[in-house]
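Asks: Modelling step: build the complete structure from the supplied sequences, incorporating the hints.
Number of protein chains: 2
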Amino acid sequence: MQPKPGDRIKVETKDEVIEGILMPRGEYQDESIIVLKLNSGYNIGLNREDVSNIEVLRESGLAQKAERKEVKHNPKLPTISILHTGGTIASKVDYRTGAVFSSFTPEDLLEQFPELAKIANFSSELVSNMWSDDLRFKHFEVIAKAVEKEVKKGVEGIIIGMGTDNLAVAAAALAFIVEETPVPIILVGAQRSSDRGSSDAYMNLVCAAEFIAKSDFAGVAICMHEKPDDDVAALFPAAKTRKMHASRRDAFKAVNDTIIARVHYDSRKIEFVKKDYTRKDKARKIVIKPAMEEKVGLLKIHINMFPEQFSFFKGYKGLVIEGTGLGHTPGHMPNEIARIHLKIFPAIKEVIDSGCVVVMTSQTIFGRVNMHVYNKAVDLAQLGVIPGEDMLAETALVKLSWLLANYPVEEVKRLIGQNLRGEINSRITTDEFLDE
Amino acid sequence: MQPKPGDRIKVETKDEVIEGILMPRGEYQDESIIVLKLNSGYNIGLNREDVSNIEVLRESGLAQKAERKEVKHNPKLPTISILHTGGTIASKVDYRTGAVFSSFTPEDLLEQFPELAKIANFSSELVSNMWSDDLRFKHFEVIAKAVEKEVKKGVEGIIIGMGTDNLAVAAAALAFIVEETPVPIILVGAQRSSDRGSSDAYMNLVCAAEFIAKSDFAGVAICMHEKPDDDVAALFPAAKTRKMHASRRDAFKAVNDTIIARVHYDSRKIEFVKKDYTRKDKARKIVIKPAMEEKVGLLKIHINMFPEQFSFFKGYKGLVIEGTGLGHTPGHMPNEIARIHLKIFPAIKEVIDSGCVVVMTSQTIFGRVNMHVYNKAVDLAQLGVIPGEDMLAETALVKLSWLLANYPVEEVKRLIGQNLRGEINSRITTDEFLDE
Numbered sequence: 000m001q002p003k004p005g006d007r008i009k010v011e012t013k014d015e016v017i018e019g020i021l022m023p024r025g026e027y028q029d030e031s032i033i034v035l036k037l038n039s040g041y042n043i044g045l046n047r048e049d050v051s052n053i054e055v056l057r058e059s060g061l062a063q064k065a066e067r068k069e070v071k072h073n074p075k076l077p078t079i080s081i082l083h084t085g086g087t088i089a090s091k092v093d094y095r096t097g098a099v100f101s102s103f104t105p106e107d108l109l110e111q112f113p114e115l116a117k118i119a120n121f122s123s124e125l126v127s128n129m130w131s132d133d134l135r136f137k138h139f140e141v142i143a144k145a146v147e148k149e150v151k152k153g154v155e156g157i158i159i160g161m162g163t164d165n166l167a168v169a170a171a172a173l174a175f176i177v178e179e180t181p182v183p184i185i186l187v188g189a190q191r192s193s194d195r196g197s198s199d200a201y202m203n204l205v206c207a208a209e210f211i212a213k214s215d216f217a218g219v220a221i222c223m224h225e226k227p228d229d230d231v232a233a234l235f236p237a238a239k240t241r242k243m244h245a246s247r248r249d250a251f252k253a254v255n256d257t258i259i260a261r262v263h264y265d266s267r268k269i270e271f272v273k274k275d276y277t278r279k280d281k282a283r284k285i286v287i288k289p290a291m292e293e294k295v296g297l298l299k300i301h302i303n304m305f306p307e308q309f310s311f312f313k314g315y316k317g318l319v320i321e322g323t324g325l326g327h328t329p330g331h332m333p334n335e336i337a338r339i340h341l342k343i344f345p346a347i348k349e350v351i352d353s354g355c356v357v358v359m360t361s362q363t364i365f366g367r368v369n370m371h372v373y374n375k376a377v378d379l380a381q382l383g384v385i386p387g388e389d390m391l392a393e394t395a396l397v398k399l400s401w402l403l404a405n406y407p408v409e410e411v412k413r414l415i416g417q418n419l420r421g422e423i424n425s426r427i428t429t430d431e432f433l434d435e
Numbered sequence: 000m001q002p003k004p005g006d007r008i009k010v011e012t013k014d015e016v017i018e019g020i021l022m023p024r025g026e027y028q029d030e031s032i033i034v035l036k037l038n039s040g041y042n043i044g045l046n047r048e049d050v051s052n053i054e055v056l057r058e059s060g061l062a063q064k065a066e067r068k069e070v071k072h073n074p075k076l077p078t079i080s081i082l083h084t085g086g087t088i089a090s091k092v093d094y095r096t097g098a099v100f101s102s103f104t105p106e107d108l109l110e111q112f113p114e115l116a117k118i119a120n121f122s123s124e125l126v127s128n129m130w131s132d133d134l135r136f137k138h139f140e141v142i143a144k145a146v147e148k149e150v151k152k153g154v155e156g157i158i159i160g161m162g163t164d165n166l167a168v169a170a171a172a173l174a175f176i177v178e179e180t181p182v183p184i185i186l187v188g189a190q191r192s193s194d195r196g197s198s199d200a201y202m203n204l205v206c207a208a209e210f211i212a213k214s215d216f217a218g219v220a221i222c223m224h225e226k227p228d229d230d231v232a233a234l235f236p237a238a239k240t241r242k243m244h245a246s247r248r249d250a251f252k253a254v255n256d257t258i259i260a261r262v263h264y265d266s267r268k269i270e271f272v273k274k275d276y277t278r279k280d281k282a283r284k285i286v287i288k289p290a291m292e293e294k295v296g297l298l299k300i301h302i303n304m305f306p307e308q309f310s311f312f313k314g315y316k317g318l319v320i321e322g323t324g325l326g327h328t329p330g331h332m333p334n335e336i337a338r339i340h341l342k343i344f345p346a347i348k349e350v351i352d353s354g355c356v357v358v359m360t361s362q363t364i365f366g367r368v369n370m371h372v373y374n375k376a377v378d379l380a381q382l383g384v385i386p387g388e389d390m391l392a393e394t395a396l397v398k399l400s401w402l403l404a405n406y407p408v409e410e411v412k413r414l415i416g417q418n419l420r421g422e423i424n425s426r427i428t429t430d431e432f433l434d435e
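So the protein lines, in turn, are chains A and B.
Each residue of the first sequence is one higher than the one before, counting from 0 in numbering that gives the first Met the number 0.
Each residue of the second sequence is one higher than the one before, counting from 0 in numbering that gives the first Met the number 0.
The set of hints was computed from the structure by calculation and includes no laboratory data.
It is possible that part of the hints are untrue.
It does not matter which identical chain is meant; a pair holds if it fits inside one copy or across any two.
Derived DSSO-like pairs (lysine-lysine); straight-line CA-CA distance at most 30 Å [unchecked claim]:
#1 K313 with K342
#2 K412 with K13
#3 K3 with K348
#4 K226 with K273
#5 K273 with K151
#6 K348 with K294
#7 K348 with K316
#8 K342 with K144
#9 K71 with K213
For clarity, every value in this text was computed on a predicted model and none was experimentally measured.
Replies: Written out as structure tokens, the structure is:
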């Protein structure tokens, strides 16, 4: 019998016998590899030519559907809307269907996370079903409109479930798009899929729900583990947070800023770190400005660059440069050692002259661009490159796209270096750096 | 009198009177701005039209040359070669000449850092005079040949003074190029120029010299502040270190690794953290393999990318992708929301089919690429993208350039994911992450 994706199968090779769920083949994956999802939650790829036998243990069509309890509305509890966009946090259903993507109904959600029923009533909607690495500016518009629709129903807050790769970028984009909100809009992800014992999905969701139900915060934020263990979740500032580890549960870090608050998982105590946040006010109307400009790029500076890497962006509406140090690029190099005269500054000038707004950020991630210290950066500023202050490059990218779609160019140039949503911190925040 | 660059001048505007050294005009800086170096060491740009009067206080040609003491060779002390390449650490002379670039003679050096005379005898050579952001692969070849020449003279070790922006990248490149060395080769920079009270140049240089004179370490490393205060310098691993702050003195951090050692500035005590380093052995011959391939690029993944950003690298010999999370790129997007069908995977395939070696690293910086967890990355691996393990993107870039210039392509593909110089840590090193 030919196994189908979603079937539980037993595969024999000359070295071992492996059981798992047969995963669907990726579009660019050829037939020589079969991928199994193991009980550990990890996938493993096997060369088909090494496989001597495959036995189907259980067909996906025959998989028992868990019996669903009817979810009752509890009038004593607030209502929270959960918007699903895909990602690891939504990957539980893989075991039953073999599908990589899945949606949650409120029933699915409460079946998996029964504790949620004590915190709030939930409504749930699938907005998109994708990995966050495929997100485009256009998706932020769609997500924001779904948020607006839910908020207008009068809910106590919104939880957006998303893959973690671009979760912080999406949070920054929503912070710009949502100009006013009466209630909190909290993005939640998981670094380990929720079918694994070590998953962080459960605590992140529960803490986000507690924060919405019990705090007076309004605005966009991220709720993820603050530490590697299941003690404390942090509420991270939407436009000043970055995924800083490929796999750890505490991968998210506030950069040049502090966290907003923490939720202690055992005691459910909410502890605010920031004092100057916008308060919840259900009389306030939600206001969104969802347009985003498509032709905005990001260029990370590296050693041995060529001018063509810059002039590529001629005709773009916006470009964020992730420079070195205080905001540098290679310059012009009438350089005897390199035996080459590369005209990189003229290439940057060409891009600016084509009508592109060019903003400088730093690849050091921590700290602030300063284009007055070295002649090189003074030259760049003279060319028209605008300092991005202490903004994250990814935040500058979505801010630039959003500004270009909503303001005239001269206004964009004025606003890009000014703080609109907490994305620029005017105070010196050296005390927030790494291990201190 | 028309002031010349290097002159100490007094500038009056309607608001203030400012004194400083007139800086030379950058090639792309127009005449409407004049730049002064203030006593603080910072530069300030003034609009010429705001200036009502300029008075020359002291012409640079008249600047008193400090009286030089003859430096005597002390036969009881070891000899260290200092190679200068430019950067902030070499920026003291600005005050006297107004020039941004400068070289140090041993006399200059000991005049400025008299304590060095107690540690070693010094010889000094100017290799290049540039900001490190202008470094190209070709410069590493030149620096390595200068290192080889000095080591063959029988010195106790080499200090390379360099700008900090690409100092860690240069250290990684030298770690690959220098296959064997009998003595230490230590890169040193400064985040604040040595004419400022808060400069870190002094302690970094003294600690590097102490480490060379008193420890048994051989190989390439970086010596910079471990903490913001002047207590401890750290010796950082050449291929696993990154500049993580735009301005702080402790900007350098070991990533997915520990530091090699620390030098306590007051006690001059050397404390090794790593135990498995290569020992100094003056009978060992220096072996360098200085060739680097020019056509190697780096592409940082960001939201809303277009396939052209990938196909740009068609015909390159090597490309490092700085993916999201565990090593992801946007894929193919038959995406109704984005109303666009972008073929990014086919563009990556085109680049690979053109003969380019493509390596995946992660923009999370910390953690390790894992291309077996999600289908997306399995697809990328099937296309021929090679996982870069826990290598820094910048290290992967110089390693790829070096491998391509020295090995056949099939060997490059095998070696890029294997540890050659400590650039890949096979152990899980989650305990080295940020605040822990």
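Asks: Go through the copies and call it for K348 and K294: within, between, both or neither, with a Cα cutoff of 30 Å.
Replies: both (18 Å within a copy, 24 Å between copies)
Asks: When Cα atoms must be at most 30 Å apart, do K348 and K316 count as within-copy, between-copy, both, or neither?
Replies: both (14 Å within a copy, 28 Å between copies)
Asks: Within a copy, between copies, both or neither: which one fits K3 and K348 at a CA-CA cutoff of 30 Å?
Replies: between (56 Å within a copy, 28 Å between copies)
Asks: Up to 30 Å between alpha-carbons, please classify K71 paired with K213: within, between, both or neither.
Replies: Answer is within: at 21 Å inside a copy they meet the 30 Å cutoff, but 74 Å across does not.
Asks: Between the shortest in-copy and the shortest cross-copy C-alpha distance, which are at most 30 Å for K226 and K273: within, between, both, or neither?
Replies: Result: close both inside a copy and across copies, 19 Å intra and 26 Å inter.
Asks: Reference check for the pair K412 and K13, CA-CA at most 30 Å: within, between, both, or neither?
Replies: For K412 and K13, only the inter-copy Cα distance (27 Å) is at most 30 Å; the intra-copy one is 64 Å.
Asks: Which holds for K273 with K151 at a C-alpha limit of 30 Å: within a copy, between copies, both or neither?
Replies: For K273 and K151, the Cα distance is within 30 Å only inside one copy (27 Å; across copies 59 Å).
Asks: Can you tell me if K342 and K144 fall within 30 Å by alpha carbon in one copy, between copies, both or neither?
Replies: Between copies, since 27 Å is at most 30 Å while 45 Å is not.
Asks: For K313 vs K342, is the C-alpha pair at or below 30 Å within one copy, between two copies, both, or neither?
Replies: Result: close both inside a copy and across copies, 15 Å intra and 22 Å inter.
In this structure, every one of the numbered hints holds.
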